[in-house]
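These are the residues of each chain, in order.
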Amino acid sequence: MRRTVIDNQSHCAYTGLVLSKLNLETLPRHHAATVDAIDWTRLSPPEARRLRELGFDEGVPVEVLHRARLGGGPIACRIGRMTVALRRAVAAAIQVTIPLPAE
Amino acid sequence: MEHPPLVALVGNPNAGKSALFNALTGARQKVGNYPGVTVERHSGRLALADGRPVELIDLPGAYSLDPSSPDERVTRDVVTGKSGLERLPDALIVVVDAANLDNHLRFTLQLIALGLPVVVALNMIDLAERDGLTLDAAVLERELGVPVIPTVAVRRRGLEDLREALARAVVPVTGVVPLRPSDGSVQDDIVTLQRRARRIATAATVAETSGRRWMHLLDAVALHPIGGPLLLATILFVMFQAVFTWAKIPADAIDAGFAGLQGLVAAHLPDGFLRSLLADGLIAGVGAVVVFLPQILILFLFILVLESSGYMVRAAFQMDRLMATVGLSGRAFIPLLSSFACAVPGIMATRTIEDEKDRLTTILIAPLMTCSARWPVYTLIIGAMIPDTQVLPFVRLQGLVMFGLLLIGIAGAYVAALVLRRTVTKGASSGFMMEMPKYQVPRLGDIALGLWQRALVFLKRAGTTIAATTMVLWLLLSFPKPPVGSGISPVDYSIAGRIGHGIEQVVKPIGFNRDIALALLPAMAAREVAVSAIGTVYAIDDSDGKGTDRITDQIRGRWSLPTALAFLMWFVFAPQCISTIAVTRRETNGWKWPLFMVGYLFAAAYVMAGITFWLATFAGL
Ligand SMILES: Nc1nc2c(ncn2[C@@H]2O[C@H](COP(=O)(O)OP(=O)(O)O)[C@@H](O)[C@H]2O)c(=O)[nH]1
Ligand SMILES: [Mg+2]
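Heads up: the protein sequence lines correspond to chains A and B, in order. Take the first sequence: its letter number 92 is residue 110 in this note's numbering, and every next letter is one higher. Take the second sequence: its letter number 353 is residue 474 in this note's numbering, and every next letter is one higher.
Since the hints were made in silico from the structure, they are not lab data. Note that the structure is a prediction, hence the values are computed from the model and not measured. Do not rely on the hints blindly, as some may be mistaken.
[As the list claims (entries may be wrong)] Partial selection, computed: residues in chain B whose CB lies under 7 Å from chain A:
id : residue
1  : Y184
2  : D223
3  : D310
4  : T313
5  : Q315
6  : L344
7  : P346
8  : G552
[Unchecked claim] Computed spacing ranges between beta-carbons, pair by pair:
id : chain 1 : residue 1 : chain 2 : residue 2 : range
9  : A       : P46       : B       : F723      : 50 to 58 Å
10 : B       : L580      : A       : P46       : 37 to 45 Å
11 : B       : R277      : A       : A110      : 44 to 52 Å
12 : A       : A50       : B       : V578      : 47 to 55 Å
Yeah, the Cβ is synthetic: ideal placement off N, Cα and C, and Gly gets one too.
Bound-form chain A, shown alone (with noise of 0.2 Å):
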């Protein structure tokens, strides 16, 4: 799997969370970011294919919204300029960045 981009950048100050190791499931509410990296092997062919389909793919702008229930319901997040609705397990697989601030 690719490494992020900014790996050596291990921690944000804004989170205090390890960039390259977050995903769409861990990542904080309202923070812009974009796909790294998403592991089609950790998904059926069915939602690998509608996950293109919905349009993840790398580079993308991702945005998390909200999470269902605490008891590990689905994720709601924006991408583009749409919201989908995504389960935990297929969110995990989606590996994501929050960009530095342009310097």
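Guided by the hints, dock chain B with the ligands onto chain A, whose structure is given.
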């Protein structure tokens, strides 16, 4: 005769194909917001700018040419000329949502690559503007290499331009061999297409600000982990409350109307066969069912508003966790909610469920949702047998029993899904991945049209199936007449009475009496026929005139409480509806699953009614 050229509307779900179809053809069609409302073939006539007529078809929404649901398969087969159902279109109108370009353009690119003449309708320009998006159609046209026409389907904007572009695209076929499109398997891979689509979308975007603040605010509540479920529960509560309170006045008016009609017939026809047939058979039977029209329309009103506002998918989002515990997904919630009005549209709405096993399970449990046809039965029996006492502040016993029956249906569906997913429809859980449509204020015209269509279907059913079954039952109950002075009940002596006697042997162990046995068979046509059937039995049985005419009084006098409760429980489970069985056969392509459904539901009905009867009997009710 020569066919007119065929033009197909294609695009992602919710791009506005159906709205455009209606605007272009003036045809009537339901316009919904839930991805994939279009499930049937809709065709209409359209005159091109140069006057030539073409046939326009509205294809189901799809994300790509790689189908993952029956719906999408139809679309793929039609545009690739593979389907035996449809000739190859002469041109495609690819409908894209202007506010969602990068996603919709991918499918557009796939469709353009097929080689058929294409016109792109850049639809929902108004919403894109609302969202702070400014697009350049000329750039899009250049990048895609096909005409791009900005449209607002619901305001009929851009239709003339579309007709003109289409006239240029649909070339008269003069012996030219039509293009054979590729079969979709040699498509560029989806990622490459997606990237190209994104590049084109970016190029065509002149300005972009993040708008739709109110949409974010709505979602902040609707998708909230606590607020969301509360909102959904409130909506459902208000919905069921409204069904029973708002409907009272119109239902009473309809009731009075039919009573008046009955009086009119009685006053103007001589006593005898015809009068009895019309008044006791036809008018009473049909009237007993038509009074429920207001309730059904109120329920559909809610469902249509929830769908067309874009909220329904948010409800599915909130329900996903719960549905996952029985191996289904939030997607199944939408057809199941519709099934509270009627299982037939509910079962048809399962077509948007991709996973075959998921879909089958949803179809099999849909009849357990308390559809509107059960209310006449529940209302009659509860009204007759359950005292209307106040059990808690604001809670009356009758309402509580009604609600209980509703919950038993849901619980039954839950258990059924749990068992089915581990046995006959075993398979990996299919997951939940859904695009949430943009919120919109529902359009009054669309809602009114939807309600009108439902009302027509219902009244047609009341006027045909229900009227016919009631009349046939009336005839079978009336003949032959017992010898005068024999003292035998006319019902027992009749043909129907003898058939009923046979059925009674089977249902006696679960506490059913002759009258119920008689009602069960005609109620196979439709559940609500049970009400008119029981009414007919008593009207004929009582023709010597000694008793009261009120059917509730008759029931009160003849049924025990355990019998009544068992009867109610029977109707929670029993698959007494020909239309449901027929639509299941159609949707599952064969008799296997409808027969399975009928079998398991009758078994459940028998067992549950039996348990209810014996428990109630032992409890001394
Ligand atoms: N504001 C606006 N709404 C539209 C437009 N076209 C369609 N709609 C609405 O978008 C929703 C989805 O449209 P529909 O025709 O059912 O989409 P389909 O799935 O492609 O058939 C409906 O609520 C329509 O009323 C448009 O141009 N502008
Ligand atoms: Mg449609």
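Legend entry - Structure versus earlier hints, numbers of those that do not hold, lowest first: Going through the list in order, the structure violates hints 3, 4 and 10 and respects the others.
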